[in-house]
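Colleague: Residue numbers (the working numbering), protein chains in the order written: chain A, 221 to 357; chain B, 221 to 357; chain C, 221 to 357; chain D, 221 to 357.
Hints should not be assumed to be uniformly reliable.
Pairs involving identical chains hold if they fit within one copy or between any two copies, as the list cannot separate such chains.
As the list claims (entries may be wrong) - Listed below are the simulated BS3-like cross-link pairs for lysine-lysine, each with C-alpha atoms no more than 27 Å apart in a straight line:
#1 K325 / K271
#2 K290 / K352
#3 K300 / K336
#4 K228 / K307
#5 K290 / K271
#6 K290 / K307
#7 K336 / K228
#8 K290 / K336
#9 K307 / K325
If you are wondering where the hints come from, they were derived from the structure by calculation, not from laboratory data.
Computed from a prediction, not measured in an experiment: that's the story for all the values here.
Number of protein chains: 4
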Amino acid sequence: MFTHDFVKRIRYGETDQMGYLYYGNYALLYEIGRSEAIRSEGITYREMEEKMGIMMPVISVESRFLLPVKYDELITIRTKLEDLPGKLIHFYHEIINEAGQLTHKGEVKLFFVDMKTNRRVSVPDIILSKFKPYFDS
Amino acid sequence: MFTHDFVKRIRYGETDQMGYLYYGNYALLYEIGRSEAIRSEGITYREMEEKMGIMMPVISVESRFLLPVKYDELITIRTKLEDLPGKLIHFYHEIINEAGQLTHKGEVKLFFVDMKTNRRVSVPDIILSKFKPYFDS
Amino acid sequence: MFTHDFVKRIRYGETDQMGYLYYGNYALLYEIGRSEAIRSEGITYREMEEKMGIMMPVISVESRFLLPVKYDELITIRTKLEDLPGKLIHFYHEIINEAGQLTHKGEVKLFFVDMKTNRRVSVPDIILSKFKPYFDS
Amino acid sequence: MFTHDFVKRIRYGETDQMGYLYYGNYALLYEIGRSEAIRSEGITYREMEEKMGIMMPVISVESRFLLPVKYDELITIRTKLEDLPGKLIHFYHEIINEAGQLTHKGEVKLFFVDMKTNRRVSVPDIILSKFKPYFDS
Numbered sequence: 221m222f223t224h225d226f227v228k229r230i231r232y233g234e235t236d237q238m239g240y241l242y243y244g245n246y247a248l249l250y251e252i253g254r255s256e257a258i259r260s261e262g263i264t265y266r267e268m269e270e271k272m273g274i275m276m277p278v279i280s281v282e283s284r285f286l287l288p289v290k291y292d293e294l295i296t297i298r299t300k301l302e303d304l305p306g307k308l309i310h311f312y313h314e315i316i317n318e319a320g321q322l323t324h325k326g327e328v329k330l331f332f333v334d335m336k337t338n339r340r341v342s343v344p345d346i347i348l349s350k351f352k353p354y355f356d357s
Numbered sequence: 221m222f223t224h225d226f227v228k229r230i231r232y233g234e235t236d237q238m239g240y241l242y243y244g245n246y247a248l249l250y251e252i253g254r255s256e257a258i259r260s261e262g263i264t265y266r267e268m269e270e271k272m273g274i275m276m277p278v279i280s281v282e283s284r285f286l287l288p289v290k291y292d293e294l295i296t297i298r299t300k301l302e303d304l305p306g307k308l309i310h311f312y313h314e315i316i317n318e319a320g321q322l323t324h325k326g327e328v329k330l331f332f333v334d335m336k337t338n339r340r341v342s343v344p345d346i347i348l349s350k351f352k353p354y355f356d357s
Numbered sequence: 221m222f223t224h225d226f227v228k229r230i231r232y233g234e235t236d237q238m239g240y241l242y243y244g245n246y247a248l249l250y251e252i253g254r255s256e257a258i259r260s261e262g263i264t265y266r267e268m269e270e271k272m273g274i275m276m277p278v279i280s281v282e283s284r285f286l287l288p289v290k291y292d293e294l295i296t297i298r299t300k301l302e303d304l305p306g307k308l309i310h311f312y313h314e315i316i317n318e319a320g321q322l323t324h325k326g327e328v329k330l331f332f333v334d335m336k337t338n339r340r341v342s343v344p345d346i347i348l349s350k351f352k353p354y355f356d357s
Numbered sequence: 221m222f223t224h225d226f227v228k229r230i231r232y233g234e235t236d237q238m239g240y241l242y243y244g245n246y247a248l249l250y251e252i253g254r255s256e257a258i259r260s261e262g263i264t265y266r267e268m269e270e271k272m273g274i275m276m277p278v279i280s281v282e283s284r285f286l287l288p289v290k291y292d293e294l295i296t297i298r299t300k301l302e303d304l305p306g307k308l309i310h311f312y313h314e315i316i317n318e319a320g321q322l323t324h325k326g327e328v329k330l331f332f333v334d335m336k337t338n339r340r341v342s343v344p345d346i347i348l349s350k351f352k353p354y355f356d357s
């Protein structure tokens, strides 16, 4: 399994009048989590688009809200891959607050599109090769 | 079953560099859908908070992305209740584009909290009474 | 002078924990105002980009916050042109609340870029011809 | 003069279909800049609200867009105070890209409100005392 942690502070503009992180802003946390996870392996999503001509549209999101997250909290976005990517890449995210509590779980599935042909393709080899070591037994 | 339609235009600031509505902005569409659905029955979420002291935190979201939605498209947010609310209220949303295509499906579950006691409660009677006629056989 | 009004409701996700419309969300109101002002004259910004190959980057914004705007308020975005566009187009915006109070003033200046050459150009004739009648004495 | 730098990466959800950081998202950068500037002096805006009962509404914003900022760029938010705060606090922000270019200038003026009385007050002494050393001749 692959795991990556990234720390982010919650901003005023990300809260709502309930005083909590607005439920619509978790998707940005997932985006931060997956892009930083890929970056930690030496690839960036920007290069994927610009150099490999591959984009990764989101196909589904599932979110579970366990505890509210408040203004100015320093949260940890934990991003996991439980399986090697293939036709899809499936990210698991956990949002952990300063007290170490699990506040939120999110799952995001994305696929790969060749921007020249506009067709679905499998995970590029360079991505696969980066994550393979985490799954070899 | 209860169904309500609300029409909204997609703004530049809601797109991303892929040229599509950013996947994180669908949660605002769900919010618009459910608040306008309630308003169509003569209640507003603002009154629920201010007058009844009830707030409705989100407990889970499930989203399926079928087709991209583009800048300036006039989309229909279709909001459905398939069951009477009880301990939870479960909204089903469909995003339909100008060509009449179903582009997106979302499900949002919320619960009810008494803001004075900060405890979970069941759906307020006034909400229940509004939606009951749609489910009587 | 050209004036155009557009009505919009403030959503939960647009508020912050102060309970007001977040100050960063006024820029979206300006965008709505100017795009609907142009649309009211039979042109859309989408067509400008797609058919005329003209984009309009923002060069400056000035905002003055007079009164807070609250959740669920139905605001009027008043958009004015006080001069004919030339090298720049200069929009004046007023945000008026349900009680008829002026809550906010914004000014946005944009320029015109030919997307093929990536160079600044003057206002396209088709835009100029639409707005000219409002300024003829 | 007081100066503080904070580094932030631009996310996909913060771009628009022009491929640039959306003009409405700079306000969040200013918020990050001023809150981190205050934090660097040992105070947080969260404490100001929660412990001192002081909130800081924005009264005006002025923004100048010099160069586009692109997806995934690591920008520096430079935040300056050129004068001691009094009835107002006046932040100057510069957004500097990875190449060291000044891409954007923003000015934000805020005032101080006593949350109990809902009245304007002058800058709290604790804030003033933190910034005073930067302005003593």
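Colleague: Each hint should be assessed against the structure and marked as holding or not.
Modeller: Hints, one by one, checked against the model:
In this assembly of identical chains, K325 and K271 lie within 27 Å of each other by CA distance neither inside one copy nor across copies; the values are 32 Å within and 31 Å between. Taking CA atoms no more than 27 Å apart as the test, K290 paired with K352 passes in neither setting, with 37 Å inside one copy and 31 Å between copies. Taking the shortest alpha-carbon separations for K300 and K336, neither the intra-copy value of 30 Å nor the inter-copy value of 38 Å comes in at or below 27 Å. When the C-alpha separation of K228 and K307 is checked against a cutoff of 27 Å, the pair qualifies neither within a copy, at 30 Å, nor between copies, at 32 Å.
Taking CA atoms no more than 27 Å apart as the test, K290 paired with K271 passes between copies only; the shortest distance there is 16 Å, against 39 Å inside one copy. With identical chains, the CA atoms of K290 and K307 are at most 27 Å apart between copies only, with a shortest distance of 25 Å across copies and 37 Å within one. Within a single copy, K336 and K228 get their C-alpha atoms no closer than 35 Å, and across copies no closer than 31 Å, so neither meets the 27 Å cut-off. When the C-alpha separation of K290 and K336 is checked against a cutoff of 27 Å, the pair qualifies only between copies, where the shortest distance is 19 Å, while the shortest distance within a copy is 43 Å.
For a Cα distance limit of 27 Å, the shortest separation of K307 from K325 qualifies both inside one copy, at 23 Å, and across copies, at 22 Å.
Going down the numbered hints, you'll see the structure goes against 1, 2, 3, 4, 7, while the others check out.
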